[in-house]
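Asks: Protein sequences appear in the order of chains U and G.
When the count follows my numbering, it moves up by one through the first sequence with no breaks and lands on 284 for the last residue.
When the count follows my numbering, it moves up by one through the second sequence with no breaks and lands on 315 for the last residue.
Watch out, some of these pointers could steer you wrong.
As the list claims (entries may be wrong) - Here are the simulated lysine-lysine pairs, BS3-like style, with alpha carbons at most 30 Å apart:
1. U:Lys172 <-> U:Lys116
2. U:Lys172 <-> G:Lys90
3. U:Lys116 <-> G:Lys303
4. U:Lys172 <-> G:Lys213
5. U:Lys172 <-> U:Lys273
Hints are computed from structural coordinates only; laboratory data are not their basis.
Just so it is clear, the structure is predicted and the values come from calculations on it, not from any experiment.
Below are the chains, spelled out letter by letter.
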Amino acid sequence: MSGSRALPTEARIAALRLRAPRAFGLPLRERMWLGAAWGAFVLLTAYCFWRFDFSPVRLWTGLGDLGLIVGHMFPPSPGDQPAEIFLALLETIAMAFLGTLLAAIVAVPLAFLAAKNTFPFWLPRFAVRRFMDVLRGVDQLIWALIFVRAVGLGPLAGIMAIFISDTGTLSKLFSESIENIEKKQIEGVRAAGAGAIQTLRFGVFPQVSPMFLSSALYMFESNIRSATILGIVGAGGIGFQLSDRIRAHQWEEASFILIVILIAVACLDWASKNLRMRLIGAPS
Amino acid sequence: MTVPHVPLAANGTGLPRKMTRALPGDGTAPSAGRVTYERQYAALRWTRRVQTLFGVVLFGVLFAGSAYFGKFDPIALIEGAPRLGEYVQKTVPVLRWESLSKDFAFWFYGLPKWLDLLLETVLMAYLATLMGAGGALLLCFFGSRNLAPNEWSYHAARRASEFLRTIPDLVFALIFVFAFGLGPLAGILAIALHSMGANGKLFAEANENIDMKPVEGLRAMGATWVQTMRFAVIPQVLPNYASYVLWRLEINVRSAAIMGFVGAGGIGMELITAVRSLYYEDISAILILVVLTVTCIDIACGKLRHALIGRETLV
């Protein structure tokens, strides 16, 4: 223990700088790169503000109008036909349920075709995967817009939109759980003399079915949220009522519908989360 | 009590026959162990069957209810199926080998305008993500249990971010279009608010998992709350934040692409016009461009995210 800790001399500092140059700040080249990156970031952001016309006047008047609208939203009122709103809520939940169910049913065989360990042929597997990517790549609302044209206004278009986009998502999730299964169980079933189908049924299926159910439930949760907006393009559900009220400037009813959506989503999230935890925790 | 001997493989246990045959007591009087086994097995099967039956009935009720409330009509679906095929067929343009470049030019006749709108869409997503991240940064320190200055602000921040992320961004846009006028401004603000709620929650959860020792150190030195957050918390969570923000950008590009459906800017306006006016080949051209853009952004963000995660584990 040296009592005197003198200030480091110039020579000592120079020696330290030589030994650990980065401790004294970044080298010039890296500092220039960093500066350029910050400059590009600032320029890009400034360009965006200019391009999208973020003038303080516009924002201020807009906020004033928004304040008026929010003022009109209180008190929320169910309007003349509260039954209509609740039926639309049930319709939304039904759309999410049926869409997810159909997607899950179709996704199971597709997932077995897309998983490396259950389907060894490279080319068709690649084709199935890219097909699923396309289904997922197009937004659900765009599918809804197209289905409204094909099958007409109403919940059927919404069900089909959820079904198509979720087939892509669920078969990807399912195929990933198939690829992550334990091999030992399969070997055990094979050793007991099971055939190919029996191996799938007793070796693979018991392992993946809780994961499948949990993924499907998760998508159901997410679909209830997304199904609330499908109505904006005419694909049924509570979103149809909501956009109708907003377009007609019936703000009290719009806020009532928003509150109904918030409560329903919170309740269903809670229920589905509990169910999922039980499924993963204790696979029966 | 005697238990009648049942060959196990025949009653649908699914166990391979070989295994059941090997059980003791075949043919002769059953042993005590066998009796207990059979009794417990029967009880287990009974409960399982009741559970399965309950599940099937519950599922049937849910299905019937959904089909009723969702007005699910298989006949309409079957009738709609060929129309859907026709629809898809109409969006496929005529491409001949001998005049391929001309046909492509005809198909993508609006390319300059569409590319400009795609740029607008991506820039909308960029700005909205940035603003959302800024808002989330303000929200998240109050919304994490270990850092919130008091109980009241914790609950306020949590409820606010819950509210913001439960309302879909398209609904915000629908309202903002009335306040801020048609155009990208309404869309950007709508996406920014939704991102603020979603990122506020993720950021707060990252904050709750930090090492608290630097926080205690700075507090002991007499740092203010703001200084503590800046020098003890942010250096620990910045890689997580960056990763969440990049992920949010991927999601927001998709959202920005549909904002035009309610008049809030981006390529969506062009798409909904094409669908409503039955310009079939425009629909497929725009969809291809949108999917390509989204895929490129996804790949770029994914690469950046992985680079960030790699650095995080190295340091």
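Asks: Determine for every hint whether it applies to the structure shown.
Replies: Checked hints:
1. U:Lys172 <-> U:Lys116: Within the cut-off at roughly 12 Å; holds.
2. U:Lys172 <-> G:Lys90: holds, 29 Å
3. U:Lys116 <-> G:Lys303: Holds, at about 24 Å.
4. U:Lys172 <-> G:Lys213: This hinted pair is violated, its Cα atoms lying about 41 Å apart.
5. U:Lys172 <-> U:Lys273: holds, 21 Å
Of the numbered hints given earlier, the model fails hint 4 alone.
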